[in-house]
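Line order of the protein sequences matches chains B and D. According to our numbering, the residues represented by the first sequence are 29 to 594, in order. According to our numbering, the residues represented by the second sequence are 6 to 286, in order.
It should be emphasised that the hints constitute simulated quantities derived from the structure, not laboratory data. Fair warning: this is a prediction, and the values are worked out from it, not measured in the lab. Where is the CB? At the ideal position from N, CA and C, for every residue including glycine. There may be inaccurate statements among the hints.
To be verified - Lysine to aspartate or glutamate pairs mimicking EDC-like chemistry, simulated, CA-CA at most 20 angstroms apart:
(1) B:K325 / B:D352
(2) B:K589 / D:E208
(3) B:K589 / D:E218
To be verified - To be clear about the criterion: a stretch of chain D counts as covered by chain B if any three or more of its residues have a C-beta under 8 angstroms from a C-beta of chain B, and this derived list gives those stretches:
(4) 57-67
(5) 94-101
(6) 167-180
(7) 219-228
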Amino acid sequence: MQMILGNPWGLLALAGLPAVLAIHMLQRKPRRQRSSTLFLLAAAAPKNSGGPTLDRLRRSLSLWLNLLAVLLLSAVLAQPRILTERPVLRGILVLDSSVSMQASRQEVRKALEKRLAGLSEIADCEWSLLESAPEAPVLYGGGRLESLLLAIDKWSPVLPEHDPAAALRSALAAAGKDGCVIFVSDHKRSLPAGTREILVGSPLANAGFCGAGVDVDGRWQALLRNYSDAALTTAWRREIPGEPEAAFTQIILAHNETRRLEGEMPKGGRLVLRLDKDALEADNLLPLLTPKPKILKVALDADKANLEPLTRLRDSLPLIQATDDAAAADLVLSCRAPDLLREKPGLYFNAAASADSKSREVSDALHPMTANLDWRPVRVKLAALPFKPESQDQPLLWSGEKCAASLRYSRQGPQILIDAAPAAGRLLETPACLVLAGRLVEEIRRRRALPETANFDCHQKISLPYHGALVMDGKALNAERTLRAPLLPGFFSITCDQQEVLTGAAAFADARESDLRHNVSLDGSRDLESRLIQRSRQEEPLHLPGLLLALLCFVLGWAVKSREVQ
Amino acid sequence: MPSSPSAAEAGQLLAARFRLPLAGRSWRGQAGGWRGAAAGSSIEFREHRNYQAGDDLRHLDWSATARTGQPMLRVYREEVRPSVDLLIDGSGSLALDDDKEHLSRTLAEWVWQASRADGVSLMIWRLSERGCHLIPPEAFSSRELKFSGRALDYQAATLRSGAMRVVISDLLFPGEPRAWLSPLLQSAGGCLLLCPWSPAEAEPDWSGNMDLEDCEAPGTARVLVDERVMSDYRAAYLRHVALWQESCTSLGINLLRLRAGEDPATSFSAAIHQGAIAPCK
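With the hints as constraints, model all of the structure from the sequences given.
Spelled out as structure tokens, the structure:
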């Protein structure tokens, strides 16, 4: 059996006690009267031993009745209840896995410890501790508060800004009608209906790196931002592996300022920019690598008439190496049908004579390769003998009812077949055609299995053309899951069959997570107690009798007071 | 609504209906309009008696002498002027409130008016804490009576032998009534106590914390009054009144208590049967 207060706010009525005392003291100010019979009163009147004020209060029956009435009314309003059977609460706590929560971890622990302890006093609680990160494991399940807090201590939020709705819906489904789902975060957002939230953040000033880049020629640039509405002083330094640590350089950032830092990459190709400690650690580290992209070998296969435009096209492509060995090339630029080089990826033009006497307009076929390209200036004269189509060909461009260009995937890679000569019209001088060629080259580069060094954002998707078992920093990667850069800033490497295929640097670049100005503190789960009390079996011993007694005391007090006045 | 009469008017009205109980008493003293205790020279026949040497022969009743054979003398009743000593309590308690003060002045006015109407030899004494002050009847004015300070010691007053003592006092002072009353009766030709009282004394409006100001002396008493205190006070008041009434009864003094705020004629009418007040003929 346990006594609880159904409405603790009712205790505010106790403020009526000093009010009643004050009213009585004011009402009982001594009255002055003339008397001719003081000698008769002398024997009857008592002496004031405790002072007039104390005696007034001590001897006034109406005062005591009024005080008793206020006490009873407070008790009735507070709704004391005797729980004859403790309710059971099955709750799911979903922790916001956003990296900004790192700044509020201690607050999360304190808030949950206090809140859950309060709930444990009135109910038998069964908690599940989850993260908002999709597919994250359950952090804790059970009824021991100490173990739950231990799990919170071990918890590390590292995700960028993400939508917790999926995790919350799953939690709501698991909690059922009688359970509750509490989302713990540091800032407000719209949540699925039925979710309660506990916000534990407080507005904080923060500075951090929000973007970086390194040129192939070895020059780095980094953006440093002040996420506060006031000027902020911080310090930064460069750290080069194998070299002694440099001293911090102080820097003063105006409110909301974004400052660009730049410099030369060290010879080793690795550099770390470090910011002095502040509210959020994740954006204080910026690892950088001198990128080493994949270089593709490009071969030309053209007759004299078309050699010149294809040569110009090849020379305009980035990160390529010209070769005469078409068999060894990674891609070819050809003006013949791909019959000769059956599987070689590349761009194939049809140099056959055109049947049309005039050029025709083309329109794109809503393909990613041609998306957002303006084909209106392009005019083509389609070859009289078009490329032999295959069933898996994907149309890219249409000229009237005829397919002017199509995409074909051979076993070695993608091919684009254009049924027009490169020298015809000004096909290769139009921007859309050049961009299309560039997209093809990048697609071929992406699919080419070559070692690479690059800079990434944290949690950025990585696409690798390897089919073997991938291992990132010694940890085997799940082939079914999307390959992503690490969640926290740092260097990493990926090997395939013990061959290093990618060396990368992951940099934190989520400005939304770094901005801690909108953090708030709020407890949206205050209704849980009343709901639990409503669900539990209980008795209200004071409700009606207390109310009647309070009324009786008020009436009696009033009657006694009236008598005293008369 | 007619305005209430002044004390002088009220006393005059009372005197038109009621008089002091002078009749039936043996008066001696100056010649006046009242039958004296001794034989006198009035026209009212009193008795026959045997002639004694030295009697005035003008009073010889020849018819009785012839009838009895003895010289008989006609004796006529003496006509005297009654004397009244009026003692007015000049303490502040007589003016506790307006009604009581009005009543006190009315009673004094009534005694003065009634005495004048009856040709009474009146001596007026005002008793105050400074002593007894004689007020010449011709200079008396009830309006100028002062009620302040304490009283009441009448020992300094020169009370006349055989004079009727009329006292106007609320008798609200501590002490043994008999000890106070006894000297008043010495060689007195009757005694009448006119005692005005106020409801504010019998049933005061006291509750809770009170600052009670003594109407006869400077100073204030802060008293916490509750039901028990009020009950004790009521008992003490009634005991005080009863003690005075018993003492007066045992000493043969007429005590007439008159409630302030009420017409004293009512109490006077009731007192006629007791002989405390005489109706006007």
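Here is how each hint holds up against the structure:
1. B:K325 / B:D352: holds (9 angstroms)
2. B:K589 / D:E208: holds (19 angstroms)
3. B:K589 / D:E218: Violated, at roughly 25 angstroms.
4. 57-67: violated (count 0)
5. 94-101: As far as the stretch 94-101 of chain D goes, the hint holds, because 3 residues have Cβ atoms under 8 angstroms from chain B.
6. 167-180: Answer holds; 4 residues pass the 8 angstroms Cβ test.
7. 219-228: With 7 residues closer than 8 angstroms to chain B, the stretch 219-228 of chain D meets the three-residue bar; holds.
Hint check: violations occur at hints 3, 4; the rest are consistent with the structure.
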